[in-house]
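There are 2 protein chains.
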Amino acid sequence: MADERIPLPSVRRFPSYLRILMQRRDAGERHISATELARELDLTPIQVRKDLASTGIEGRPKIGFAIEGLIVAITHSLGWDNAAEALIVGAGNLGSALAAYDGFSAYGLRIAALFDKDPEKIGRKVGSLTILPVDTINQYIKSHRVTIAVIAVPANQAQAAADMLVKCGIRGIWNFAPKNLRVPDDVVMQRTDLAASFAVLSIMLRRKYQEETQGEEDPQIPSAMR
Amino acid sequence: MADERIPLPSVRRFPSYLRILMQRRDAGERHISATELARELDLTPIQVRKDLASTGIEGRPKIGFAIEGLIVAITHSLGWDNAAEALIVGAGNLGSALAAYDGFSAYGLRIAALFDKDPEKIGRKVGSLTILPVDTINQYIKSHRVTIAVIAVPANQAQAAADMLVKCGIRGIWNFAPKNLRVPDDVVMQRTDLAASFAVLSIMLRRKYQEETQGEEDPQIPSAMR
Chain A
1 MADERIPLPS
11 VRRFPSYLRI
21 LMQRRDAGER
31 HISATELARE
41 LDLTPIQVRK
51 DLASTGIEGR
61 PKIGFAIEGL
71 IVAITHSLGW
81 DNAAEALIVG
91 AGNLGSALAA
101 YDGFSAYGLR
111 IAALFDKDPE
121 KIGRKVGSLT
131 ILPVDTINQY
141 IKSHRVTIAV
151 IAVPANQAQA
161 AADMLVKCGI
171 RGIWNFAPKN
181 LRVPDDVVMQ
191 RTDLAASFAV
201 LSIMLRRKYQ
211 EETQGEEDPQ
221 IPSAMR
Chain B
1001 MADERIPLPS
1011 VRRFPSYLRI
1021 LMQRRDAGER
1031 HISATELARE
1041 LDLTPIQVRK
1051 DLASTGIEGR
1061 PKIGFAIEGL
1071 IVAITHSLGW
1081 DNAAEALIVG
1091 AGNLGSALAA
1101 YDGFSAYGLR
1111 IAALFDKDPE
1121 KIGRKVGSLT
1131 ILPVDTINQY
1141 IKSHRVTIAV
1151 IAVPANQAQA
1161 AADMLVKCGI
1171 RGIWNFAPKN
1181 LRVPDDVVMQ
1191 RTDLAASFAV
1201 LSIMLRRKYQ
1211 EETQGEEDPQ
1221 IPSAMR
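Sequence order for the protein chains is A and B.
Read in order, the letters of the first sequence are residues 1 to 226 in the working numbering.
Read in order, the letters of the second sequence are residues 1001 to 1226 in the working numbering.
Think of the hints as simulated: they come from the structure by calculation, not from any bench.
There could be a bad hint or two in this list.
Once the Cα atoms are required to be at most 30 Å apart in a straight line, the calculated DSBU-like pairs of lysine-lysine come out as [claimed, not checked]: (1) B:Lys1121 - A:Lys167; (2) A:Lys125 - B:Lys1125; (3) A:Lys50 - B:Lys1208; (4) A:Lys208 - B:Lys1142; (5) A:Lys121 - B:Lys1167; (6) A:Lys208 - B:Lys1050; (7) B:Lys1167 - A:Lys208; (8) B:Lys1125 - A:Lys117; (9) B:Lys1117 - A:Lys125; (10) B:Lys1117 - B:Lys1142.
Work out the full structure: start from the sequences and follow the hints.
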């Protein structure tokens, strides 16, 4: 299993490689060098060669990588050649946004259904999906090939949602609720925490500002915190 | 500057602490122990004490941390006590979703305006915002106190958007486009890459599946890639 050896930082870059490779293919190109890929992605050519070597595809001197072959290999490494179906639990702003977001299809993910427990929301349309009652989710999962669930409910409802999904047979959870969730070992959990990202942006901005005004007194900051 | 010493992993957890502290405060509680916080967030009490020590607030034996004091200290450490205004460039699905997402207000971020270059979109409403023409962005930034810009345009337009924003005086950029962007040293850039997160989820799911079927032949996988 070559896959086991692909480090996660390389995996995180795979979608960016795919995007560039597909653009070049659509423009009629057949080969691309590590140097060109490195320039597009702001990486070093060495890093690019290392990332791509893990797919089993090697570049040829002076010719570079075969674009089509790399697309197939990366797509296969990620398992994106078998399009996955996902459902979303929680049709609030974020859940509805994710349901309507067409960017997922680029990586073989189809949002097949959207669930909520609020009777006011059930039956409403979000893009092409109709919001379904959450108590029909078990039935839905059993009768469709859904393997991934996106959790977009408030933090205090997220663990209950995860427990229910696992019980229904879901094996992959993408959690957008700002809470760590516990799942059994055979379930894969990926978390995207928008608040955490924004916290980092905020503190970096604050530090930049402090660097620039260093030495000046800031009467708003209590001395204990300087 | 105590702030300089707060490690980024602690910063990433600050929003989760805040959320729990605010829930407890709203429930009428005044103190909370490191053990309780640790249990809520799936951390160790030692980690919690370390994270919170960086705010300058210390817990008292048997009493714990004063909830209100911690809220003030964390909010201040993040700079979230001075509400920031942000604008969004790109009113596609993701940009519109982010514009309508009410979760940002919890961390002192107000989305003040949404811009697009598509004449068909300009003038349309997204929540309470009207989509504005992108060529008025400079004027908008000059006449409002906007410090943060969210980039939600396609990858091939993202660098041009960043260049324009920096030229207009934006100092903090939150980039949702799947592309590394180059900005001057005095600009802070935070990237949220949904495709990268999903790539990790995909490969972890694939590995789990392979573990379970280990030893079985999978005719779909060419031998070079096993």
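Is it true that the CA of B:Lys1125 sits at most 30 Å from the CA of A:Lys117?
With Cα atoms ~27 Å apart, B:Lys1125 and A:Lys117 stay inside 30 Å; holds.
Under the criterion that the straight-line Cα-Cα distance not exceed 30 Å, is the pair B:Lys1117, B:Lys1142 satisfied?
19 Å, holds
Would the hint linking A:Lys208 and B:Lys1050 be met if the CA-CA limit is 30 Å?
OK: A:Lys208 and B:Lys1050 at ~24 Å, within 30 Å.
Assess, step by step, whether the Cα of A:Lys50 is no farther than 30 Å from the Cα of B:Lys1208, and give holds or violated.
Within the cut-off at roughly 24 Å; holds.
Take the C-alpha atoms of A:Lys208 and B:Lys1142, compute the straight-line distance between them, and say whether it is at most 30 Å.
Holds, at roughly 21 Å.
Under the criterion that the straight-line Cα-Cα distance not exceed 30 Å, is the pair B:Lys1121, A:Lys167 satisfied?
Distance of about 43 Å is beyond 30 Å: violated.
With the threshold set at 30 Å, check whether the alpha-carbon distance from A:Lys125 to B:Lys1125 stays at or below it.
18 Å, holds
Checking one constraint from the list: CA of A:Lys121 to CA of B:Lys1167, max 30 Å. Satisfied?
At roughly 43 Å apart (the allowed maximum being 30 Å), B:Lys1167 and A:Lys121 break the hint.
Hinted pair B:Lys1167 and A:Lys208, Cα distance within 30 Å
Distance ~18 Å between B:Lys1167 and A:Lys208 Cα, so the pair holds.
Check whether the Cα positions of B:Lys1117 and A:Lys125 lie no farther apart than 30 Å.
Judged against 30 Å, a Cα distance of about 27 Å means the pair holds.
Violated hints for the displayed structure, listed by number in ascending order: 1 and 5.
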